[in-house]
Amino acid sequence: MTVASSPPSRLPVRDIEGTQPKPRTREKRERDGGGRGDGALAALFIAPAMLGFLVFLLWPTLRGIYLSFTRFNLLTPAEWVGLDNYVRMVKDPIFWDSLTVTVEYVFINIGIQTVSALAIAVLLQRLTQSAILRGVVLTPYLMSNVVAGIVWLWMLDTQLGIGNEIIAGLGFDRIPFLADETWAIPTIAVINVWRHVGYTALLLFAGLQAIPNDMYEAAKVDGAGEWRMFWRITMPLLRPVLAVVLIMTVIGSFQVFDTVAVTTAGGPANATNVLQYYIYGAAFGRFQFGYASAMSVALLVVLSAITFVQYRLTRAGQTDLG
Amino acid sequence: MRIRTRTVVALTGVLALSLVTGCAQGGAAGSGSNTVTYWLWDANQMPAYQACAKGFQKQNPGLKVKITQMGWADYWTKLTASFIAGTEPDVFTDHIQKFGQFADLNVLEPLDDLGIDNSAYQPGLAANWTGQDGHRYGAPKDWDTVALMYNKKMVKDAGLSASELNGLAWNPKDGGTFEKTIAHLTVDTKGKRGDEPGFDKNNVKVYGLATGGAGDSDGQTTWSPFTGSAGWNYTDKARWGSKYQYDSKTFQTVVDWYFGLAKKGYLAPFTDYTDGANPANAQVASGRAATSFDGAWMISTYYDTKGLDVGTAPTPTGPTGKRATMMNGLADSITKNAPNKAGAKKWVQYLASNECQKTVGSYGIVFPATPEGTQAAVAAYKKKDIDVSAFTEPVTDKKDSTTFSFPITDYAADVYSLVRPAMQDVYANDAPVGDLTKTNDQVNFILGQ
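Chains as they are written, first to last, in this note's numbering: chain Z, 1 to 322; chain G, 1 to 449.
Everything labelled a hint here was simulated from the structure, so no lab data went into it. Just to be clear, a hint being listed does not mean it is correct.
To spell it out: a stretch of chain Z is covered by chain G in this simulated footprint if at least three of its residues, at any positions, have a beta carbon under 8 Å from a beta carbon of chain G; those stretches are [unchecked claim]:
no. : stretch
1   : 69 to 78
2   : 265 to 276
List of simulated lysine-lysine pairs, DSSO-like, C-alpha gap at most 27 Å [unchecked claim]:
no. : chain 1 : residue 1 : chain 2 : residue 2
3   : G       : 156       : G       : 341
4   : Z       : 91        : G       : 438
5   : G       : 358       : G       : 398
6   : Z       : 91        : G       : 243
7   : G       : 383       : G       : 306
8   : G       : 54        : G       : 341
Each residue gets a CB set at the ideal place from its N, CA and C atoms; glycine is no exception.
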């Protein structure tokens, strides 16, 4: 994350408006409503979300962790087996292979997606304010993942797909996009970039909107070009938003499932057997909910660690603005 | 503020209540005591079973059969989910591949009291549905075999006759007349046939044989006609074996030869195959392949393809001197927690009866399990001008043909998930066939648990 450590620009960013970060004092907290006796109402408003959190997030997580120490087929009572599932996981070559495949996918997917989304967001901000264009960018995201997967499967089919018809028409060899072990993961990664890039771009675009326009004007007065303004103003000030977007998209990317399920079903020869798909197969195909839970816990640990490191490295909680 | 708080509480309460009652209603739908719910996956068979249901309802006034059809993949996902959620159908169409797992999970109702007589059905069909505990869990419904489907025009253009295709033989050394034939049916982009000098195997226009993928753990419509006629069987015992035999020299030699046909350019490559988009019949329909091995359940699909004149030939004779095909039989099973068990038993008894099976046969879409049902189907196909002897002869002609069953063992889902990628590795990535020995060890390790 070199973005975070870009050198201080010659533009006096912090002093432009002459403001300093405001400390949250006790008076401010009271002004915001604390100590006015509205606690009960606040609790009431929080209650639905809290109920949802407890029922749909906390309880399943705790139960999942418990099940990871059991042998469980969902239809007969769970049987405590201690660390057996974890020992099996460490020794399972398919699990490690599946983790490698997933990491490969995440790198390709996030790499291409972040760069493209940033480019689209900056272009949207600097060139046009058209709401229609913003809508168009978001269109693929509105499509169901499964539908998108099926459409791409058909378009990229080696023999019948229009994509390969065009490639063959141009005189090149047909490319088995989803049927070849080298091509399959990059293809799925790009299909998902296509689907998610608009949404990511829109999040970044919202972050860009928060950057005061007068900074760009001041920079222009000082003779800075678009390229220089991008690296000296946009990137440093977008950093917290970019960091949060990266954390969110990396988590989402690690959980890739539907596109794989629809297009390759983990094949050929496990080349696209991403972790979520392997977990799903173990649970709902082979009824090994204990082992599947253990792998899910492993994924949870990996994602928590990655998120923590990303958060620290990108200083996502701090802003350079104001 | 107070009033507003109260309003919010009231609204939340109403919302919560409506959600709860909504769920309850959803769960109880369609499970009345006079309704029997029945699931099947083949849309082609829906009208035939609706006709059966009519007959059943006439004989059992007050009982109503509600049939639900879902595609193959969704079918098993939903069935699994329904067992977990307690919303299972009373009766469902069952497949041997899933039988072991369902028996393990203890979700099937024993059907011993239905009085199913093994001899009333085509050989082997009824016996396959007996569990390791000796109880019956399925009533025989229909059966299918595999044959060679071919594009009549391409065969004629190649100077071949129907009788030549009916008399094919193969061996793992030089492939025999079968390999010669598919080589001759293969044409490259310059018009050269696969058995002509100068044939370009990297630029093939029409493959002699369509690909059906790597065949998973059963090879039903891919390698199994060959492994079967070479004398190999999946497991050490016909039913509920404890060891798979993918490590056998015979098996590996045959598989090596079979996938080797792709390297020679006669069998379409693995990359031509996609489950959803481009199965074997689509390759034949699009003119990409001249022949394909396919199951009896696909007969109507092939014959209904516009612009395609189809012929059928039995599977080729192998080193054992016999032709071989899988003969797979479906059954109807009752779920252990069926809401209407009494009605379900009556319905399954009717489904297994000659009366219903003759009705189903008369639609000419599938071969029912009773001999009379099969005859009705053969007659119905004949009416549509379809000769199905390539599919029926293996069952009747025991001198020249042999049939084998889908493997029935425990842990079928685990076997599938291990063997499927291993077979794909051999076909798609040229992995040495000897690697299957390691996979077989893993499979047998699981079975030995």
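Quick rundown of the hints versus the structure:
no. : hint             : in the structure
1   : 69 to 78         : holds (count 4)
2   : 265 to 276       : holds (count 7)
3   : G:156 with G:341 : violated (55 Å)
4   : Z:91 with G:438  : holds (16 Å)
5   : G:358 with G:398 : holds (24 Å)
6   : Z:91 with G:243  : holds (23 Å)
7   : G:383 with G:306 : holds (19 Å)
8   : G:54 with G:341  : holds (19 Å)
The structure shown violates just one earlier hint, number 3.
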